[in-house]
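> Model the full structure from these sequences, guided by the hints.
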Amino acid sequence: MNRWRNPGLWLTLIIVVLVGVFPVITGKASTREVIFTMLLSVVLASSLNIILGYTGYVSFGHVVFFGLGGYVGLYLMSVGVSLWLAILAGGLSAGLLAFLLGKAILRLRGAYFALATIGVNEAMRAFINNFQPFGGPTGISLHFNVYQDYGGATQALWITYGLLVVLSVAAILLSYMVKTSKFGLGLVAIREDEDAAEVMGVVTPNTKTWAYVLSAILPGMVGVLYYFKNGNIEPADAFRLHFSIEFLVMVMLGGFGTVTGPVLGAVGYQRLRGFLLTNELFKNIQLSVAGVLLLVIILFIPGGAVGWLRKRFPVTRKVLP
Amino acid sequence: MQLLAFLIDGLLIGFVYGIAAMGLTLIWGVMNVINLAHGPIIALGSFGVYLLFTNFGMNPYLALVVVAGLGLLLGMLMYLIAIQRVIDAPHLSTLLATFAINMIIIGIGTAIFTTTPRTVNFSLGSISAGPITILGTRVVAALASILVTGGLYLFLYRTTLGKYVRAVANNRAAAELMGIPSGRILALSFGLGTMLAAIAGSLIATFFPFTILSGGIYELKSFVIGVLGGLGNPLGALAGGLILGVLEGVIPAFITTSWVPVLEFGLFIIILLVRPTGLFGAKK
Amino acid sequence: MKRMRFVLTIVVLIASVLLAACAQQPTAAPEEAAAQEVTALIGFTASQTGSYNVESTRQINGLNLWMNQVNDAGGIKLADGSVVKFESKFYDDESNKDRVQELYTRLATEDNANFLISPYSSGLTDAAAVIAEQYGKVMITTGAASDSTYQKGYTLVFQTYTPASKYLTGAADLLAATDPSVKKIAIVHENDKFSTDVSTALNDYALSKGYEVVIFEGYDSGTTDFAAFINKIGETAPDAIMGGGHFQDGSTFAKQIFEKNVPVKFLALLVAPPEPTFAELGDAALGVIGPSQWEPLANFDAEAASSAGMAWFGASSQEFTAAYTAAYTEEPSYHAAGGYISGLLLQQAIEQAGSLETQAVKTALENIDALTFFGHVKFDTTPENHGLQVGHSMVYIQWQKSGDVLAKQVVWPAEGASAATVYPIR
Numbered sequence: 134m135n136r137w138r139n140p141g142l143w144l145t146l147i148i149v150v151l152v153g154v155f156p157v158i159t160g161k162a163s164t165r166e167v168i169f170t171m172l173l174s175v176v177l178a179s180s181l182n183i184i185l186g187y188t189g190y191v192s193f194g195h196v197v198f199f200g201l202g203g204y205v206g207l208y209l210m211s212v213g214v215s216l217w218l219a220i221l222a223g224g225l226s227a228g229l230l231a232f233l234l235g236k237a238i239l240r241l242r243g244a245y246f247a248l249a250t251i252g253v254n255e256a257m258r259a260f261i262n263n264f265q266p267f268g269g270p271t272g273i274s275l276h277f278n279v280y281q282d283y284g285g286a287t288q289a290l291w292i293t294y295g296l297l298v299v300l301s302v303a304a305i306l307l308s309y310m311v312k313t314s315k316f317g318l319g320l321v322a323i324r325e326d327e328d329a330a331e332v333m334g335v336v337t338p339n340t341k342t343w344a345y346v347l348s349a350i351l352p353g354m355v356g357v358l359y360y361f362k363n364g365n366i367e368p369a370d371a372f373r374l375h376f377s378i379e380f381l382v383m384v385m386l387g388g389f390g391t392v393t394g395p396v397l398g399a400v401g402y403q404r405l406r407g408f409l410l411t412n413e414l415f416k417n418i419q420l421s422v423a424g425v426l427l428l429v430i431i432l433f434i435p436g437g438a439v440g441w442l443r444k445r446f447p448v449t450r451k452v453l454p
Numbered sequence: 570m571q572l573l574a575f576l577i578d579g580l581l582i583g584f585v586y587g588i589a590a591m592g593l594t595l596i597w598g599v600m601n602v603i604n605l606a607h608g609p610i611i612a613l614g615s616f617g618v619y620l621l622f623t624n625f626g627m628n629p630y631l632a633l634v635v636v637a638g639l640g641l642l643l644g645m646l647m648y649l650i651a652i653q654r655v656i657d658a659p660h661l662s663t664l665l666a667t668f669a670i671n672m673i674i675i676g677i678g679t680a681i682f683t684t685t686p687r688t689v690n691f692s693l694g695s696i697s698a699g700p701i702t703i704l705g706t707r708v709v710a711a712l713a714s715i716l717v718t719g720g721l722y723l724f725l726y727r728t729t730l731g732k733y734v735r736a737v738a739n740n741r742a743a744a745e746l747m748g749i750p751s752g753r754i755l756a757l758s759f760g761l762g763t764m765l766a767a768i769a770g771s772l773i774a775t776f777f778p779f780t781i782l783s784g785g786i787y788e789l790k791s792f793v794i795g796v797l798g799g800l801g802n803p804l805g806a807l808a809g810g811l812i813l814g815v816l817e818g819v820i821p822a823f824i825t826t827s828w829v830p831v832l833e834f835g836l837f838i839i840i841l842l843v844r845p846t847g848l849f850g851a852k853k
Numbered sequence: 043m044k045r046m047r048f049v050l051t052i053v054v055l056i057a058s059v060l061l062a063a064c065a066q067q068p069t070a071a072p073e074e075a076a077a078q079e080v081t082a083l084i085g086f087t088a089s090q091t092g093s094y095n096v097e098s099t100r101q102i103n104g105l106n107l108w109m110n111q112v113n114d115a116g117g118i119k120l121a122d123g124s125v126v127k128f129e130s131k132f133y134d135d136e137s138n139k140d141r142v143q144e145l146y147t148r149l150a151t152e153d154n155a156n157f158l159i160s161p162y163s164s165g166l167t168d169a170a171a172v173i174a175e176q177y178g179k180v181m182i183t184t185g186a187a188s189d190s191t192y193q194k195g196y197t198l199v200f201q202t203y204t205p206a207s208k209y210l211t212g213a214a215d216l217l218a219a220t221d222p223s224v225k226k227i228a229i230v231h232e233n234d235k236f237s238t239d240v241s242t243a244l245n246d247y248a249l250s251k252g253y254e255v256v257i258f259e260g261y262d263s264g265t266t267d268f269a270a271f272i273n274k275i276g277e278t279a280p281d282a283i284m285g286g287g288h289f290q291d292g293s294t295f296a297k298q299i300f301e302k303n304v305p306v307k308f309l310a311l312l313v314a315p316p317e318p319t320f321a322e323l324g325d326a327a328l329g330v331i332g333p334s335q336w337e338p339l340a341n342f343d344a345e346a347a348s349s350a351g352m353a354w355f356g357a358s359s360q361e362f363t364a365a366y367t368a369a370y371t372e373e374p375s376y377h378a379a380g381g382y383i384s385g386l387l388l389q390q391a392i393e394q395a396g397s398l399e400t401q402a403v404k405t406a407l408e409n410i411d412a413l414t415f416f417g418h419v420k421f422d423t424t425p426e427n428h429g430l431q432v433g434h435s436m437v438y439i440q441w442q443k444s445g446d447v448l449a450k451q452v453v454w455p456a457e458g459a460s461a462a463t464v465y466p467i468r
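Protein chains in written order, with the working numbering: chain A, 134 to 454; chain B, 570 to 853; chain C, 43 to 468.
Hints listed in this document are in silico derivations from the structure and should not be mistaken for laboratory results. Certain hints may be false.
Straight-line distance between alpha carbons at most 20 Å, and here's what the computed DMTMM-like set of lysine to aspartate or glutamate pairs gives [stated by the list, open to error]: (1) C:307 - C:325; (2) A:161 - C:153; (3) C:127 - C:393; (4) C:307 - C:281; (5) A:161 - C:152; (6) B:732 - B:745; (7) C:225 - C:277; (8) A:161 - C:175; (9) C:307 - C:254.
Okay, here's the thing in structure tokens:
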């Protein structure tokens with residue numbers, strides 16, 4: 134069956150586009166903000182899924198690509214480069230970092246790799262905190278009139294949002310293309326049994342590195358979008374470990390190793406968090422509630438929502454990629 | 570002479586780092602689980618001493634014993650509730666299970682204690698020799714760390730229960746075949762790990778201020794030390810802690826202090842790449 | 043066929059979950075009561091969780107005190123005869139930037155706040171200010187000292203606090219006045235935006251005054267072990283140490299400096315010393331100086347204004363302190379004063395403008411140049427630094443012993459001093 138005929142993929146894409154277009158129709162800025170955060174999570178969770186879900190390498194430091202992309206992008210914009218080029222540069226620099234890192238730390242297995250990713254994130258944060266060209270602890274700020282180049286603040290915000298919608302679609306497509314390709318098959322083989330995969334002819338070091346690079350590019354690009362919208366970037370928040378953990382929770386919640394899983398997980402988690410934050414009863418312990426939820430998922434439904442569906446209703450396997 | 574001051578301070582704090590790391594590496598070595606709730610448990614240890622000291626006037630070192638016991642129980646409970654089900658599942662499950670507990674503890678802790686820093690106003694004076702001044706509480710903490718390490722070592726190598734722990738760490742299936750109740754031993758081991766974390770937290774409370782979030786930095790250092798010193802080896806953890814403490818204490822003498830974390834994590838990555846079994850070799 | 047239908051059902055179910063998740067609840071617009079009474083909504087985020095929660099709570103207590111006072115007094119009368127009463131709406135920003143923008147956008151667009159108050163801290167305020175400008179709402183910032191926020195071309199953001207660049211320059215003046223023979227200063231600071239800005243400005247100022255800055259270095263946020271750092275400082279043998287960061291690291295640093303018997307003559311730290319709980323350090327707190335945006339001891343009232351030839355509005359220092367203590371059973375800190383003054387400034391601007399309209403209020407704010415319980419307030423109106431606070435300056439307190447009790451005394455500026463400076467401190 135032609136892999137492009139999968140109804141699950143198209144349905145997901147259509148829903149994402151519809152959700153993305155919804156704020157444009159209503160014209161409400163606050164809805165746009167909520168959907169922005171949601172789509173950001175979709176991109177980040179789907180990207181993480183490539184190295185985590187498909188290849189089975191647990192990365193705790195995925196936010197490093199987001200932060201680095203943001204820094205490179207803002208730095209270029211602060212010297213006059215346009216948003217479009219900055220986005221590309223952000224993605225490329227993140228990809229480059231992943232390539233270099235991949236060569237070094239993908240040799241490690243299991244928990245060691247996970248710890249190494251934490252180490253990388255912390256090292257990057259500490260480094261940039263001291264790196265004067267990137268502003269050191271003060272970070273980089275954009276002057277408000279940078280938005281003039283894009284038709285004023287309001288329009289710039291909508292443009293940024295539109296770009297994010299496009300990138301979300303790209304993230305889902307990328308995830309699907311990887312999953313249904315021979316490359317993706319190699320990744321899954323690595324996840325299930327790396328040594329066997331090697332014996333069967335998968336060139337594991339290169340394959341893993343490319344997976345890591347692919348998982349880094351989109352976070353780098355959306356990092357530029359996010360920080361452009363924010364107007365500034367500081368080392369403390371660009372490399373927040375907690376952010377990485379959140380994507381991980383999203384992937385697990387929705388179902389790792391699937392295309393639709395991270396999307397569902399991202400949406401579900403953001404809504405939950407938004408609800409908890411503004412609800413009187415839970416707002417003080419929203420972190421604990423999220424923790425309990427995660428624990429329950431891990432203990433009883435490790436495959437996440439989509440994983441459970443696919444297991445329980447085998448017919449969905451053909452349809453929910 | 571000044572360098573000596575740097576060195577001594579580094580060593581003293583290194584002992585505490587060692588105890589903190591020991592808890593993590595023990596669990597890691599015995600059951601291949603990285604306890605991501607390690608940080609909050611250290612913070613809970615600090616709070617335990619603080620509450621006992623402030624509300625009952627208990628001597629912090631006495632409170633430490635109480636807190637250690639509580640830490641042991643907490644760990645065993647944690648194991649039975651969260652870890653046992655997923656002990657044989659892929660790594661990710663245990664990582665996330667312990668992380669979930671981390672989130673739960675921090676969430677409740679922030680709600681109850683808020684983030685106001687707490688201090689235990691306990692002083693043992695200080696010892697001065699020229700430009701070098703050492704806090705009494707830090708010396709006692711170092712001594713306590715040595716005692717605890719010794720105790721742990723004796724337990725693991727001189728008692729039957731300790732032998733069971735080592736057997737399970739070595740090969741769980743074989744140990745079970747030999748009649749060792751591996752489930753209970755694993756619970757005990759986890760409890761020992763959290764007990765050590767709680768002890769570290771108690772010691773830290775005697776000379777640093779803390780909040781429920783303070784454990785995080787010690788958790789990160791414990792990872793670094795775990796890799797430096799090798800897993801499951803209490804002496805290795807202590808040595809790793811000392812090395813890290815000395816590095817942190819002495820390097821600022823030569824470079825801008827804010828570069829120390831960069832070096833720390835850089836070193837971490839390098840060791841992971843070059844000698845992942847640690848400088849002192851793994852237990853397995 | 044049946045299988046396809048089943049599959050389709052599952053997929054549609056998932057789709058509807060997704061779409062339902064994105065559906066927005068309709069929110070009620072703010073109440074418009076009788077024709078004469080209007081409600082103005084003030085929006086802000088509070089750090090109810092996270093590391094800023096103590097300071098943020100005080101700031102909001104101050105704001106709420108003002109709001110309750112204005113509402114109880116019957117509200118403000120506008121030019122068209124209607125009476126304005128205030129309401130507030132806030133969300134938890136968790137002391138993190140992530141949600142600040144989303145929440146302020148919600149406040150500005152969905153909750154339709156008329157005016158915005160900043161979160162606590164320069165970092166969060168920086169993220170929020172851009173939203174105010176993007177959606178055309180006046181924002182009064184408090185608890186935020188960073189200069190750079192006002193160099194970004196905003197027109198609607200106004201600062202109540204003395205900017206970071208002026209935080210410790212007064213301490214250098216105080217040192218010069220107390221002991222002109224001192225030459226060597228150590229400047230050590232937390233490696234975050236605020237503390238770095240303050241210390242860089244101090245460094246430039248000290249150098250320009252002829253001091254030798256023997257060490258100028260930052261420490262990581264969250265450092266609890268200053269041993270190595272203090273050893274390093276000790277090696278350079280400074281006469282004075284200045285800098286610091288926020289409360290936790292500042293007080294830990296002061297404690298460890300004392301424990302290590304560092305023979306320093308003058309110690310001025312940011313943020314921590316003005317806090318009443320700083321006294322819990324006991325002897326370690328003795329002699330430590332700190333800049334404060336406002337102190338209960340500072341005596342600003344209408345007479346002081348007229349003798350200085352300045353305009354005056356609002357309650358006096360004493361009235362504010364009494365009202366706050368009655369409402370919250372503790373003495374107000376400068377964070378609380380900052381919260382109160384932000385409301386007071388808004389009130390003054392609305393009264394002067396006679397309307398709630400953004401541009402009118404903005405112009406009224408730009409025209410303010412007066413003494414208040416908080417001190418002199420005046421905003422920079424040049425395009426390069428629009429909104430920067432240029433009237434206000436810091437008061438410096440020092441912990442001194444009277445008998446057995448440690449108490450704060452204002453030691454600088456000389457006009458407002460309540461006691462002479464204790465020097466050297468060790």
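> Take the hints in turn and mark each one as holding or not.
Checked hints:
Restraint check for residue 307 (chain C) and residue 325 (chain C): the C-alpha separation of about 15 Å stays at or below 20 Å, so the hint holds. In summary, the hint linking residue 161 (chain A) to residue 153 (chain C) is supported, as the alpha carbons are separated by about 12 Å, within the 20 Å threshold. Distance hint between residue 127 (chain C) and residue 393 (chain C) is fulfilled; the C-alpha atoms sit about 12 Å from each other, no more than 20 Å. Using a Cα cut-off of 20 Å, the hinted pair residue 307 (chain C) and residue 281 (chain C) holds, with the two alpha carbons roughly 5 Å apart.
The straight-line distance between the Cα atoms of residue 161 (chain A) and residue 152 (chain C) is roughly 8 Å, inside the 20 Å bound, and the hint therefore holds. Our distance criterion of 20 Å between C-alpha atoms is met by residue 732 (chain B) and residue 745 (chain B), whose separation comes to about 13 Å. Between residue 225 (chain C) and residue 277 (chain C), the direct Cα distance comes to roughly 16 Å. Compliance with the 20 Å bound is thereby established for this hinted pair. Annotation: proposed proximity of residue 161 (chain A) to residue 175 (chain C) holds, straight-line Cα distance about 17 Å (limit 20 Å).
With a C-alpha separation of about 15 Å, the suggested pairing of residue 307 (chain C) with residue 254 (chain C) holds against the 20 Å cut-off.
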